[in-house]
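Chemist: Single-letter residue listing:
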Amino acid sequence: MAGLDLSDRRHVRALYLDLLGRTPTADEQELAPSTKPEILTRHLVRNREFWEHWYEDELYYFLLIDNARPEDEGEAGIPVRLMKGELGVLDGVRMIVSGSAFNRANPGNDTFVSVVLEQLLDMDVQRNKVVLEAGKKMYDGSTSNLFGEKGRGQSGIVRIVTNQDGFSDLIARRQYERIVGLPAARKQGEAWGARLREEPDAYVELVREWVLSDAYAERLASLRPKTDNQFIRGLWVDLTGKKPDKVQLQRLRGALSVLADAGPLRSVIARALLDAESERFPDRGDVNGEELIKDTFLRYLGRSPSPEELEDFAIIYAQEDTEPVTIVRSIVTHWEYQYY
Amino acid sequence: MSSSRRGMSRRDVLRYGAMLAAASAVPGQALAGMIPRPSPFGPFLAGAPLTQRVVLVVFGGGVRSRETIQSENTPNLKRIAEAGVVYPQTRVENIGHYGAAVSIFTGISESFGIRQNERTPHPTLFEYIRKDAKLSASDVWLSTSGSDQETNYSYGNDPRFGSRYGANLIGGEGIFNAEFREVLAGKVGIRQPNAEQEEILQRLRASVRTPRPVLSESGVGNDPESAARIESYILEELRGGTSAITGLGANDAKAIRVARNLLTIFRPKLLGVTLRNPDVAHGSFNDYVSVIRRNDAELGLLYDSIQSDPVLSGSTALFILPEFGRDRDLNERRGLDHGDNSDELHKVALIANGPDFKRNKIITREVRSIDVTPTVAKMFGVTAGTSRGSALPGLFA
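If you're matching them up, the sequences are chains A and B in order. According to my numbering, the stretch in the first sequence is residues 15 to 354, in order. According to my numbering, the stretch in the second sequence is residues 10 to 406, in order.
Treat the hints as calculated values from the structure; they're not laboratory data. There may be inaccurate statements among the hints.
No more than 30 Å apart at the CA atoms, straight line, and that leaves these computed lysine-lysine pairs for DSSO-like [unchecked claim]:
1. A:K151 / A:K164
2. B:K143 / B:K367
3. B:K370 / B:K356
4. B:K140 / A:K240
5. B:K143 / A:K240
6. A:K201 / A:K257
Since the model is a prediction, treat every value here as computed from it, not as a measurement.
Kindly generate the complete structure, drawing on both the sequences and the hints.
Modeler: Structure follows, in C-alpha cells:
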C-alpha cells in the first residue's frame, strides 16, 4: 500500500477534512501535489485551524455547544495556547472539564460525577457504584478516596480522574478514531496514552504518524460519512472559498441535529447556498459541457466521473435547457457529497 | 411512447427521462397537491381491520386532566374523546419528561433522570413496527417540539433493532424558525425550484453510479427517492408559514403543524408527535393554561384535517396522552411542579379515537401509559416483545 498520495484529490480532501474539518480551497488543492505528505501534514497540524477544529469536536463530545458553549477567550483561549505549545492536549481537556461551562451543563453530584467518569474514563458507572458514590461524596465537599487518592470538591474529582492512565489512553483512542476513522485497539491506546503522558506535545506527532500510516491510506479506499461540522464547513469552502462564520455554523448545525436523517436537510442547505452563489457560475454558452462535468466531479467529489457517468451526464447536459449550475447542484446534493 | 421500456437503450431512457421521472419527487407543488406514494402493504392492519395508520400524540410537558378534559380549556380534545374511548385512570411511573416520554414509546417504565441524554437500551414502538411490519423510513415519522434530547425518541440501543429501524424524526423548532431561514436564505429567500431543472436534477443524481455504503450504525434508511421527497417537503415547509409561528407555545404548535403536513404528504403508517411547552407551568399557571389551549386548537386542526381528507378519514387512529400530570397544589411561584407523587401527577387521561374503537366510552379501570406501545404494535400485527405493558382493555368495537 502506497500511503497518502497528494496527487489524488480524494486523499487531499480527506486530509483537510480530518485535520481541519473542511475541504481544501482551490489553491490548496492545486498546491498539494507539489509538496510531500510529511511536509504538508507538519504544516497542517501546526495550524491554528487544526486546534480550533480539535476544540470544536471536543466541545461537541462534552455537549458544550450552543447555549452551553464556553465563552470565546480569543488569543488566551485553549486552541491558541495549544497551537503555541503552552498546553498539551491532556491539559486542554482538563481545562474544558474544569471550566464553568462544564459545571453548568452537568449540575448536581450524580450528573457531574457520572459524566466525568463516563466521558473521561469510559466507565460504566452503573457497574461501579462504589466509585460513583465516592465521587459524589467528594463533590459534596467531603474529603474522600477515589482511585486510591484523597481529594475534595469538583476540582479534586477532575484532578484524580485525569491522573489515571485510562484518561490519556481514552483520549488517544478517541482521537485516532476521530481522525483515521477506524477503531483503535486498547493496547494501541495504552501505548499512545503513555506517550501523551511523557511528552506533552506528543499529540501532533501522533496525528502525523496516523495520517501517514498505511492504515489511513487503506481507509481512504472506502467512503466515510462527514460529520455535520465537516459538511457545513466543507460546503462553504467548496462553494464560496470561505469558511462559515460562527453564527452560521451554530444555526446550521443546530438544524441538522434535530433530524434523524440529516441527509435531505443537508441537500436543502447545499441548494440554498448555491442559489445565493449562482451568479459565480458560468452561463451555458460560456462553458464546454464535458469539461464542466469532469471539473464538477473532481472539485466536489475528488474523483473523475466514470465513462458511464460522463456519458449519462453529457447526454442530459446536451439538452438545451440544462444549466451549468444544475450540474453542480446534482453533485453537492447527492448523497456521495455527504461522504469522503 | 411505448408503454414498455424493453429494448430502449440507456441513451433513449435518458432522452425521454422527463416522462419517466417519479412524479412524487418533483418539488414546487403545493403541499396539499403532492402525490402520496402508494403503500406497498395493502389497505389493512392485521389487528384492526379499518385502521390504516396510527397517530400517537404525547401531549407532553406535564399536563393534568384538571386542565384538559375536566375543564373548558380543551374543546377539541373533548370532541375527540367523545368520539372515542377515554381512560382517565392511566397511571405513569416516571416523572421526568424524557424518561416518561420514552416509557410511552418503549412500553417499559424507564429509569432515566430528567437531564439524561442517552438512548434507551430498549426498542421503541417505531423500531418494532418498522422491523416486523417491514415498513420503510418514510412510513414512520416523529415530529418533536425540538430539543436535542428528543431526537433520542427515534430509536434505542437494542442491537436487534437500532437506527436502521428508527423513525424519521423532525424537530420543527430546530429547522422551521426565522433564524435558520435567515442563515439559509438571507436576502435571497428560499427560491421556488424550476420544475424543468428539478426533473433534470433527479436524472443527473440517478446517473451517479457510486454504490451506496451499507448502513451500519447510523441512518434510518431513507432510500434516494424518499430522501428526495423529504428534501422537497422541507423546502416547501421553509417557504410556508411554519417558520413564522411565534409566541408562547410556538414550539409545540410547530410540531403539530409539521405533523399535519407530514400526514398530508407522506401518509405515514405511524406518526408520533411529542409536545413540551406546558412545562412553563413551573413558573406560571396562567401560561401553562394558555399553552394547553393553543395545543388543543392545533390538535383540533390536525383532527379536522384527518376527518376531511378522503384518504385519512375513516382509516386513522389517534392516541393522545400526557407523559405525566402535575402536582396537586401550586408552588410558591404560583406555578405547578411535578414531584409531589400525588394522583394528579401519576394519573392522566389517555384518549383513543379510531375507526376500530368504541365511541363515547369511558373505561375507569386503571391502565398504564406503557400499555400504549403493545396496543399499537398489536394493531400492526406485531409483538412489542420487550415491552411490559398490556393491550388496552375495552378499546375495540
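Chemist: All hints, please: hold or fail.
Modeler: Results of checking the hints against the structure:
no. : hint            : result
1   : A:K151 / A:K164 : 11 Å, holds
2   : B:K143 / B:K367 : 28 Å, holds
3   : B:K370 / B:K356 : 18 Å, holds
4   : B:K140 / A:K240 : 27 Å, holds
5   : B:K143 / A:K240 : 29 Å, holds
6   : A:K201 / A:K257 : 38 Å, violated
Of the hints listed earlier, the one the structure fails to meet is number 6.
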